[in-house]
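Note that the protein sequences, when read in sequence, are chains A and B.
According to numbering that gives the first Met the number 0, the first sequence holds residues 0 to 177 in order.
According to numbering that gives the first Met the number 0, the second sequence holds residues 0 to 420 in order.
Quick caveat, the hints were computed from the structure, so don't treat them as lab data.
Zero decoy hints are in this set.
Some, not all, of what chain B presents toward chain A, calculated at C-beta under 8 Å:
| no. | residue |
| --- | --- |
| 1 | Phe288 |
| 2 | Phe292 |
| 3 | Trp295 |
| 4 | Tyr296 |
| 5 | Asn298 |
| 6 | Arg336 |
| 7 | His417 |
| 8 | Gln419 |
Derived DSS-like pairs: lysine-lysine, alpha-carbon spacing no greater than 25 Å straight-line:
| no. | chain 1 | residue 1 | chain 2 | residue 2 |
| --- | --- | --- | --- | --- |
| 9 | B | Lys257 | B | Lys274 |
| 10 | A | Lys167 | A | Lys2 |
| 11 | B | Lys315 | A | Lys87 |
| 12 | B | Lys15 | B | Lys256 |
| 13 | A | Lys172 | A | Lys45 |
| 14 | B | Lys257 | B | Lys17 |
| 15 | B | Lys274 | A | Lys49 |
| 16 | A | Lys167 | A | Lys156 |
| 17 | A | Lys87 | B | Lys308 |
Note that the structure is predicted; figures quoted are calculated from it, not measured.
Beta carbons are placed, not taken as given, at the ideal position from N, Cα and C, and that holds for glycine.
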Amino acid sequence: MSKTKMILGLFDDPDEMMHGIEKLQKNSVPIYDVYTPMPIHGIEDKLGVKESRLGYAAFCFGCLGGSVIFSIVYYTLVHDWPMNIGGKPHFAMPDFVPFTFEWTILWTAFGMVFTFFYATHLFPGRAPRVMDLRATDDRFVIAIDAKGNIPHDDITKILTDAGAVEVKHNERKYVSYE
Amino acid sequence: MKTEHSFNEQFEFAGKAKTWSLIGIVIGVVGILYGFLLDHSEMGVQRTFSNLLLMSYYFVCICIGGVFFLAYQYAAQAGWSAAFLRIPQAFVRVLPIAALIFVLVVVAGLFTTHNIVEEGKTVVAPYLYAHWATHGLTTPGSENYDAIIAGKSAVLSIPSFIGAIVVFLVAYTAFGLMLVKYSQLEDEMGGMSNYSKSFKIALIFLVVFGFTYPVFAFDGIMSLEAHWYSTMFGWYNLAALHVATLSIIALTLILLKKSGYFDWITENHIHSLGKLIFGFSIFWTYVWFAQFFLTWYANMPEESVYFYKRWEPEYKWWFWLNIILNFCAPLFMLMSRDAKRYYSRMTTVCIVLIIGHWLDYYLMIMPGTVAEHRAFGVQEICIFLGFAGLFSFLMLNALSKFKSLAPVKHPFMDESLHHQI
Chain A
0 MSKTKMILGL
10 FDDPDEMMHG
20 IEKLQKNSVP
30 IYDVYTPMPI
40 HGIEDKLGVK
50 ESRLGYAAFC
60 FGCLGGSVIF
70 SIVYYTLVHD
80 WPMNIGGKPH
90 FAMPDFVPFT
100 FEWTILWTAF
110 GMVFTFFYAT
120 HLFPGRAPRV
130 MDLRATDDRF
140 VIAIDAKGNI
150 PHDDITKILT
160 DAGAVEVKHN
170 ERKYVSYE
Chain B
0 MKTEHSFNEQ
10 FEFAGKAKTW
20 SLIGIVIGVV
30 GILYGFLLDH
40 SEMGVQRTFS
50 NLLLMSYYFV
60 CICIGGVFFL
70 AYQYAAQAGW
80 SAAFLRIPQA
90 FVRVLPIAAL
100 IFVLVVVAGL
110 FTTHNIVEEG
120 KTVVAPYLYA
130 HWATHGLTTP
140 GSENYDAIIA
150 GKSAVLSIPS
160 FIGAIVVFLV
170 AYTAFGLMLV
180 KYSQLEDEMG
190 GMSNYSKSFK
200 IALIFLVVFG
210 FTYPVFAFDG
220 IMSLEAHWYS
230 TMFGWYNLAA
240 LHVATLSIIA
250 LTLILLKKSG
260 YFDWITENHI
270 HSLGKLIFGF
280 SIFWTYVWFA
290 QFFLTWYANM
300 PEESVYFYKR
310 WEPEYKWWFW
320 LNIILNFCAP
330 LFMLMSRDAK
340 RYYSRMTTVC
350 IVLIIGHWLD
360 YYLMIMPGTV
370 AEHRAFGVQE
380 ICIFLGFAGL
390 FSFLMLNALS
400 KFKSLAPVKH
410 PFMDESLHHQ
420 I
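Chain A extracted, bound-state conformation:
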């Protein structure tokens, strides 16, 4: 049994890579993922990538941030130690708008960043997981899970026909831990 874990098709041209995706799909080869150094318009639709759920996380963090600061200020300035500021009522809504707004924004922003880091395993001290280092430079990489896929040579042939400059049969999924 082959030890190959991942088959990577490296392209130097995004259009040829898109063409390669089509060819693989036509031959019913499931694609694990595609790595490109820059965003490619239309690639999500082609790969059938599900819509990101980051927006839902952002919404929840926003609500959380707003409620947290509202509760803190309500507890401190209305309930626990009411202060007379300019003769206004202790619980006057206009007062509560600026910081609720700011904390909603702040928590939305930070929450989105942390959620994104968590989902993509990116945080300080962690080596990023990369299948091919040139995918962050000048190669457009189609990754195919080797397990259970049709004969590896066929996949190699499809990729080379589509214009891949190099096809790698990697025994490790990620190369970036060294």
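With chain A's structure known, arrange chain B on it following the hints.
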């Protein structure tokens, strides 16, 4: 994705669109005649003038908004918007007429006077800008003398007032027409020279606009209540102008797409417009609230009087409705990604915002002119419809003059056609 589009198709202004715009104009004329000749109530003429000012200001702001949109798209070297730049360009082409109408309304309002009884004295006051343009306010020794207004008379006197408005409008029109001209030359000549010129003109315009538009808003609207002032007012008006312009651009685009034009516009372009509308509605609320909040906190009588008037029973519900229409509606209706991509949802929000910003201007103008005699009836509706008809007639007519509905040789045209988010 369809990759072949017929860019040579010209927009043909005919049929239902033309009929309905003309009907709108007729309704508007009937409304104005009714207001001036048949409404014999105490505030009839005053109310008509206020509505004319409201709608001509709205009208001119939308056209200025077209210049603003073009300018910052060029300044940001934005690619996504290239495919529909003809629509703001059509707005710009209407700007000379809009500016003329606005100046006519202002001049007519300043020079048509009537007698009003104020604190037992009869004074001769103009219909618009009576707070500073009433005879004798700045003449020392006159029984109407008002020291505060006299202090502001360098700006708020008829020659400098009209002078400033005319100079600003001429400048905006000139910049706008230059941008349109370069875009058309670009279509004939190709190359980058016209784009570079547009870029330069856009940058100069944005600097000029940033400094002068607040003054335009101070003069045109804020001086209706000349004792009061707010430094936020200019930005507040800019936000209103921007949201209203974006809504009208999006609505025009959707309606034209539905009638078979702009087949290269996809839900991605509408999505991007939706994001701008969403973001700038929140910005509008931010500035609106900033103006309100500081006044509320400081609680100085000469400042709070502005909101005191809008808190009276005649205006209070409208005051809250303003926030619901211009903040809550876009916030909740456009929050999700999908919502911005549905044409029907975007259409609804755009219509809500167009009405919402009418109400916004209504609340800026009416308490300073008709005050507690506020009404909502024939004049308001007819004059709104009249100007809406006039705008669509002139704008669609200007659009039909373009040889192509897309700036074919715009350097970012291809990027715009492939816009995907």
